[in-house]
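Chemist: Working from the sequences, and respecting the hints, build out all of it.
Number of protein chains: 2
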Amino acid sequence: MAKNKNQQEFVKEITPRDVDFGQWYTDVILKTDMVDYAPVRGCMVIKPYGYGIWELIQKQMDAEFKATGHENVYMPMLLPESLLMKEAEHVEGFAPEVAWVTQGGTEPLAERLAIRPTSETIFCTMYAKWVQSWRDLPMKYNQWCNVMRWEKSTRPFLRTSEFLWQEGHTIHATAEEAQEEALTMLEVYRKFAEEVLAIPVLVGQKSELEKFAGARATYSMEAMMHDGKALQAGTTHNFGDNFAKAFDIMFLDKDGKQKYVEETSWGVSTRLIGAIIMVHGDDRGLVLPPKVAPIQAVVLPIAAHKPGVTEKAHQIADSLKAAGLRVHIDERDQSAGWKFNEWEMKGVPVRIEVGPRDMENGVVTVCRRDTLEKSTIAIDALTTELPKLLDDVQQGLFAKALAFRDAHIKDVTNMEELGEAVQDGFARGMWCGSDECELEVKNRFNAKTRNMPFDQTPIGDTCVCCGKKATKLIYFGKQY
Amino acid sequence: MAKNKNQQEFVKEITPRDVDFGQWYTDVILKTDMVDYAPVRGCMVIKPYGYGIWELIQKQMDAEFKATGHENVYMPMLLPESLLMKEAEHVEGFAPEVAWVTQGGTEPLAERLAIRPTSETIFCTMYAKWVQSWRDLPMKYNQWCNVMRWEKSTRPFLRTSEFLWQEGHTIHATAEEAQEEALTMLEVYRKFAEEVLAIPVLVGQKSELEKFAGARATYSMEAMMHDGKALQAGTTHNFGDNFAKAFDIMFLDKDGKQKYVEETSWGVSTRLIGAIIMVHGDDRGLVLPPKVAPIQAVVLPIAAHKPGVTEKAHQIADSLKAAGLRVHIDERDQSAGWKFNEWEMKGVPVRIEVGPRDMENGVVTVCRRDTLEKSTIAIDALTTELPKLLDDVQQGLFAKALAFRDAHIKDVTNMEELGEAVQDGFARGMWCGSDECELEVKNRFNAKTRNMPFDQTPIGDTCVCCGKKATKLIYFGKQY
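Residue numbers (my numbering), protein chains in the order written: chain A, 1 to 480; chain B, 481 to 960.
In short, the hints are calculated from the structure, not lab data.
Derived pair list, reagent style BS3-like, types lysine-lysine, alpha-carbon separation capped at 27 angstroms:
| id | chain 1 | residue 1 | chain 2 | residue 2 |
| --- | --- | --- | --- | --- |
| 1 | A | Lys321 | A | Lys59 |
| 2 | A | Lys254 | B | Lys511 |
| 3 | B | Lys868 | B | Lys771 |
| 4 | B | Lys786 | B | Lys801 |
| 5 | B | Lys620 | A | Lys291 |
| 6 | A | Lys211 | A | Lys140 |
| 7 | A | Lys66 | B | Lys539 |
| 8 | A | Lys468 | A | Lys478 |
| 9 | B | Lys511 | A | Lys66 |
| 10 | B | Lys819 | A | Lys140 |
| 11 | A | Lys140 | B | Lys771 |
| 12 | A | Lys339 | B | Lys620 |
| 13 | B | Lys539 | A | Lys59 |
| 14 | A | Lys229 | A | Lys442 |
| 15 | A | Lys191 | A | Lys388 |
| 16 | A | Lys291 | B | Lys801 |
| 17 | B | Lys620 | A | Lys59 |
| 18 | A | Lys86 | A | Lys245 |
Modeler: Right, here's the structure in full:
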């Protein structure tokens, strides 16, 4: 980055959102050093600033998994082809996008090995070995790992051949328990998205066409991006005894009978980072929610050559770090204006300016990234006031995203309204439940069904597509 | 596990260490539910009890990496063959054990992709893109990930086709800085092994024959297992400008000249779990150092049917958890003797027995796993006394392992003494520095050179093998 660029020039480097949202996204992720392209088709290099967000997601979400009784394990990444083929729908869904290992060292393999696109089949294999009686149930395991899906068209964080995720896999003695698990984890995801990522989500059940390959029921959380498109941000699946039958996972129940277990799985991925960018970002660049910001506040010495400024800036940074805040001090030899732009682009929630005039008054000037509002805070009060300000930013981002989302959901009663609504948001309408109508919407508007909310209070009685009797309330939207 | 087995029967399930150390190891890892075999050649399933140890290793080690100025990233797992081939020695070292992806989805690949056996080549590719001037240096990155080496003979944790590890990769402006980095990280590893894992290690430089493929110098920490064999528990490498030249990683230095960067890498893996097992374990099973024990203390209600016992046990467990200790309460319907054995086998550092008689006296009986010594602690004092006891166990394990290790290192002056010493430990002797002598020792005794300590005070002047003038002090030992 050249020195002494003025603000205008600097900001120009990012394409405005409303000119070209796709280009804006690419500009932001590259210029903020979150990610880079790799010399492998469709794969990404996650750089420290992007990976730092993933680490904060992992840490906080993992604590929720453990609080709900889950334990972490690690399963092999290679799956023998025969294993992947055991459950018919699952094969059909994943086989076209599998990367195959055919040679190990100098020997060609007798059986091809798939790099896991997801791990149901290996979890099932091990569960069949581990479970014997009802006393062994439930088993509630999760793993954090990489997976590989050979995608045709890719975009960093949103869709890449390799990505990082967590996948929970659980087995239970009864259908009720498995259903409860699928809904409990959906709620864990919803709470996390809304309270940690500040992203409002619609939770509900996916249609038959859109559910996971091999699942009896799939639930999702759907977030709306700034361009009105949907991002499926997390899913939970109830498999019933589908996989249990394919993999012969049986247990001796209390009543002395051998029964199939009931199974679930659930996952979120590095996609969530894409959602953060596309929900909160603006024309200046990233806007990070404080709870997942690798740097929550940046301390900038102003007129650093003046006596005492640098020392005071360090003192402030040190006391904030000691209070558990993620703080960075920027002492680079660049103009204040250049640094302001740089840290705004990187989405740091709060900037703290430490200058000679403010110091005389025992205060610092703070600027919040979301609203760009400036205020002063007494230096002595910073360790108690900054957390409050960060909390305000966190709440403010959620409120803003929620207002945007709600303003871009329209109730629709026919195809014309639906087509218009999905141009810049979601449509909410009644649906007859047929695959045909779902496909008709997809073909005409490139919009898919999102999910069916749990509150099914009808807003009409005829299908938006065919006009016949409607049975379901459902959301439609274009998607990433 | 059947109920009401008596102690003797139970302990019999593990083969005694001195009867068959290899079988003892297998018994311990399987019966304590650390790991299981997978339906993929040479791969392992890490179960919660084993993965819990890895999580504690990761958490504590990652904090040390960050404290020494490193940041985490994530690089793609697939490496184009042409990339792997760029550095000649590196190819030679790794190509024979690479798993190759040759098909992506339905299309055969134009170029084979290697599943990373290590990531020097992709880090180098990205560094070449990222570094421009001396201002960009150093770059000190690390990643936690899985790697794959197609091994012929495998054993869980010690040598598997897929394993988990961390790999640090750094680039620097000067040779001095790179050398300092390699030695700093070796010291981070040593401190971690000794203070967290309670495993004494010998640190030093590997011989030319034993160094990493492509490195100018490799440093290692070597631990001694209970059978006297060595386990190379961690390595750091100084590549000099070897990879920089192969990958053309240049920067503009302060003096206006284009120069090659100087590079290091360093790694430890899930192997460390194998070391913990084989250094501290005994005939009853695992013995875990408190700092990496997923359960630091198990609370056992004794005569749980007596009034108040269960409540008191919960109260105690809750207060210890609140104090930040990892505590588990075992309320299963099994005899006290059965539970004693079970938790001893699982290596839990301290057992806390809560029984009616002790309760009357306001105390609990505690038993430490390392010495099996029992004592009583006042219930009111538990949250302050238990951490001290755990600390005693941690120190005790290190002292015991150190005494064992030192008693099994013998100074040797000729091949006969060397051959005898490596039967049940390490030999320390002078060496002429030739590959021939190293290979002669390897061929005759199946023992390799471990490393050359930094303190090179000679203990003789002729080579243990050829009798010619010696230049180096070095350790020899058989290895895992």
